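J.: Going down the list, the protein sequences come from chains A and B. Its first residue numbered 1, the first sequence is counted upward by one per residue in my numbering. Its first residue numbered 1001, the second sequence is counted upward by one per residue in my numbering.
No wet-lab data here; the hints were simulated from the structure. Computed from a predicted model, the values in this text were never measured in an experiment. Check each hint, because a few of them may be wrong.
Claimed, not checked - Straight line, CA to CA, 30 Å or less: simulated DSS-like cross-link-like pairs of lysine-lysine: (1) B/Lys1196 / B/Lys1012; (2) A/Lys91 / B/Lys1199; (3) A/Lys166 / B/Lys1198; (4) B/Lys1127 / A/Lys92; (5) B/Lys1199 / B/Lys1098; (6) B/Lys1012 / A/Lys166; (7) B/Lys1163 / B/Lys1012; (8) B/Lys1012 / B/Lys1067; (9) B/Lys1012 / B/Lys1098; (10) B/Lys1067 / B/Lys1163; (11) B/Lys1198 / B/Lys1067; (12) B/Lys1196 / A/Lys166; (13) A/Lys166 / B/Lys1067.
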Amino acid sequence: MDNLLWIFVSALLVNNFVLTYFLGLCPFLGVSNSLETSARLGLATTFVMLVTAVCAWLLNTYVLVHAPYLRLISFIVVIASTVQFIEMLIKKLSPALFRAMGIFLPLITTNCAILGLAIFATNRGYGFWEGIIYALGAGIGFTLALVLLAGLREEAELSDVPALLKGTAMNLIIAGILSLAFMGFAGLFSTT
Amino acid sequence: MKQNVSREEFLKGIWRDNPVFAQVLGMCPMLAVTNSAINAVAMGMATFFVLVGSSFLVSTFRHVIPKQVRISCFIIIIATFVTIADYTLLALVPGVHKELGAFIPLIVANCLILGRQEAFASRYPTKLAVMDAMGMASGFLLALFSLGAVREILGDGALFGFKLFGENFEPWVIMILPPGGFLTLGVILLFFNWFKTKKDEFLEDVAAAQRSEG
């Protein structure tokens, strides 16, 4: 139980996917201009992460023991088809939600946080439950970072920033400061 | 003329359309592995190989790949090359491979590579596509190297592992930790913006001077 809790908090705060592993930076810098869309994208990503974790575990346990060199190709195919499948499912079940998600849904395929999650979970030899908890922590951590940056950017829109600094340069510097703040969590589990 | 076209495709990737500084693509590997110059160069070489290889294949088969499933085809081609690069690095330089760790497989999800396949390689003849890929990959390598060198010099007082300063150098450790990556890239982008604004102003001045003379 302690172990599961540790995996969750570690993925959520200490080793936040965006701010310490630099995964999923494209959506992090690309769509973090409003709070609402970033929260929605974060939730969708968390969901895909959960499904991917289960699929990666199945693949690792039953298929890839026989052919480890196919790991990368099979993971990416699984992720692409999961996203495609979820897209069709949401379209069928709730057209309103589908419209709200828009272009972000297919873009999740090229989010390296998802592939990174599958690879990290494999490298560390996580079991079924550990994998799910890890995916949950990573997904919520991703959402947290995205929402934080979006909030800061919305504030920055209203302030008087030098024209040269506007855009990506400023977002990167804001992200750097956020990442500094998250380093404070590093001592959280020093005993384990 | 033909020579000029392919040279233009090569050169644009290095400076004008530099994938990192001008287009802000491929950020994840860009920041994650640039804590030392040697890691940055290894990553750049791996990306170079994958990008050129997959551009060559995609462009050669561009009439065969059905339009509806092209993204999946691109991804599988890219994943194949990444697997080759992964195992090659493991065999040749196990130390660097260990440091780069999960970021080699993650080249698959580098949006720069998929972006070039979709925007260029799937539309142009093989020779141009390869030139374009080589230019983009060199630009990416250049960006990786400059970021890696700055971070290693500031954070470790060394370049490629050779100490540059004397005993009394106090390393700025934050630069090789994650926040340093964000901050350094932010500052480099700032310089790039500044340079571009200055250049535009200069060109406008020249044009105005020519008009007044004429």
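J.: Next, verify each hint and record whether it holds.
T.: Evaluation of the provided hints:
no. : hint                  : verdict
1   : B/Lys1196 / B/Lys1012 : holds (15 Å)
2   : A/Lys91 / B/Lys1199   : violated (48 Å)
3   : A/Lys166 / B/Lys1198  : holds (16 Å)
4   : B/Lys1127 / A/Lys92   : violated (44 Å)
5   : B/Lys1199 / B/Lys1098 : violated (42 Å)
6   : B/Lys1012 / A/Lys166  : holds (24 Å)
7   : B/Lys1163 / B/Lys1012 : violated (35 Å)
8   : B/Lys1012 / B/Lys1067 : holds (27 Å)
9   : B/Lys1012 / B/Lys1098 : violated (33 Å)
10  : B/Lys1067 / B/Lys1163 : violated (53 Å)
11  : B/Lys1198 / B/Lys1067 : violated (43 Å)
12  : B/Lys1196 / A/Lys166  : holds (14 Å)
13  : A/Lys166 / B/Lys1067  : violated (38 Å)
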